[in-house]
Amino acid sequence: MDRKTNNILKDMKRNRQDIDTIQSSQFIGADSIIAYKTNSDEQFDHSITMSSSGQVINLLLTFTHQTATAGALLDLKLFYRINNPDVMAQPVPMWLPSMPAIYVRWYKVMPIGNGQVTQWRIRCVKNANSTTFTGYFKFFIDGTDTGQWSISVI
Amino acid sequence: MDRKTNNILSVMKRNIDEIKAMKSAQNSGSDNYVIYQTESSQIAYSASAGIVERAQVSFTANSMYNTFAELNARVFTTTANETTVFSIEPQKKMSLPNSLVTQWDVRIAYEAGSPPSTLYVIWYVLSLDTGVING
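Residue numbers (numbering that gives the first Met the number 0), protein chains in the order written: chain S, 0 to 153; chain B, 0 to 134.
It is possible that some hints are incorrect.
[Said to hold, decoys possible] Taking CB as the label site, the calculated pair distances span:
#1 R15(S) <-> T117(B): 27 to 37 Å
#2 V131(B) <-> I81(S): 42 to 52 Å
#3 E88(B) <-> N126(S): 18 to 28 Å
#4 N14(S) <-> S45(B): 54 to 64 Å
#5 V131(B) <-> R15(S): 31 to 41 Å
Keep in mind the hints are simulated off the structure, nothing from the lab.
Don't be surprised by glycine CBs; every beta carbon is placed ideally from N, CA and C.
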């Protein structure tokens with residue numbers, strides 16, 4: 000085979016590899032982006048116990064991306080239930096008119112400094128009585144990457 | 000060069016141009032997308048009892064119509080004191096089709112004692128495009 004043809008074939012092979020790489024993350028011929036859903040099969044992913052009136056526990060949820068090194072678009076859905084580990088059977092609705100025994104809010108920590116992780120701060124506030132309650136949490140993370148999470152108290 | 004070879008080279012050049020265009024929108028070598036983080040200047044909002052009921056924020060993308068955009072924030076009780084004790088509830092507004100602009104109504108609540116009368120906010124937008132934030 001002459002050199003010219005050899006060069007042509009080499010370029011075509013490189014093109015094929017590039018196309019395979021791109022196709023692995025985006026359906027060619029369809030207008031959609033590959034997205035991932037990350038969650039466990041467990042009844043709950045984390046629990047906290049609170050007993051003091053007005054007690055506050057802040058958690059840091061760190062999600063380490065499987066692939067993305069320069070940030071990922073991720074959405075955290077958090078559900079929780081009080082005194083029952085089967086969270087998704089009856090999670091606390093976010094539209095309650097009165098404060099539940101444990102009140103939970105969360106937001107993504109900005110700016111993103113390390114492109115390999117995404118973090119959320121979760122704020123748990125106990126209501127105004129001294130009865131002990133245990134809050135059970137489930138996490139669902141949707142977005143452009145999958146990965147592993149870890150929880151720490153801050 | 001014969002015509003057959005010329006045709007092969009033309010097709011290859013088109014392929015290469017298309018691949019280059021696609022790779023520019025995606026981190027090459029990994030199955031992910033280029034994400035842009037846009038930051039606003041620090042903006043002051045009046046806060047009644049530490050709550051900003053409705054901050055109106057917009058993000059105008061550089062070139063991508065209908066792009067995905069997610070809004071987040073850092074909150075300060077003075078221009079220099081950042082706080083992590085807050086909640087933020089952005090509600091994205093419906094936008095016109097084929098628009099570069101995404102808008103939100105945002106409620107921010109400072110959740111500790113001695114609420115300030117002003118909250119200072121730096122907005123961040125994570126998106127598939129760069130752009131400008133107004134708030």
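Original post:
Could one say that the CB atoms of E88(B) and N126(S) fall in the range 18 to 28 Å?
Top reply: Hint holds: Cβ distance 20 Å, inside 18 to 28 Å.
Original post:
Is the gap between the beta carbons of R15(S) and T117(B) within 27 to 37 Å?
Top reply: violated (59 Å)
Original post:
Using the C-beta atoms of N14(S) and S45(B), is the stated range 54 to 64 Å upheld?
Top reply: holds (58 Å)
**OP:** Could you say whether the range 42 to 52 Å given as a hint is met by the Cβ separation of V131(B) and I81(S)?
**Re:** Holds - the Cβ-Cβ distance for V131(B) and I81(S), about 43 Å, lies within 42 to 52 Å.
Original post:
Does the Cβ pair V131(B), R15(S) satisfy 31 to 41 Å?
Top reply: holds (40 Å)
Figure legend: structure checked against the earlier numbered hints; the only hint not met is number 1.
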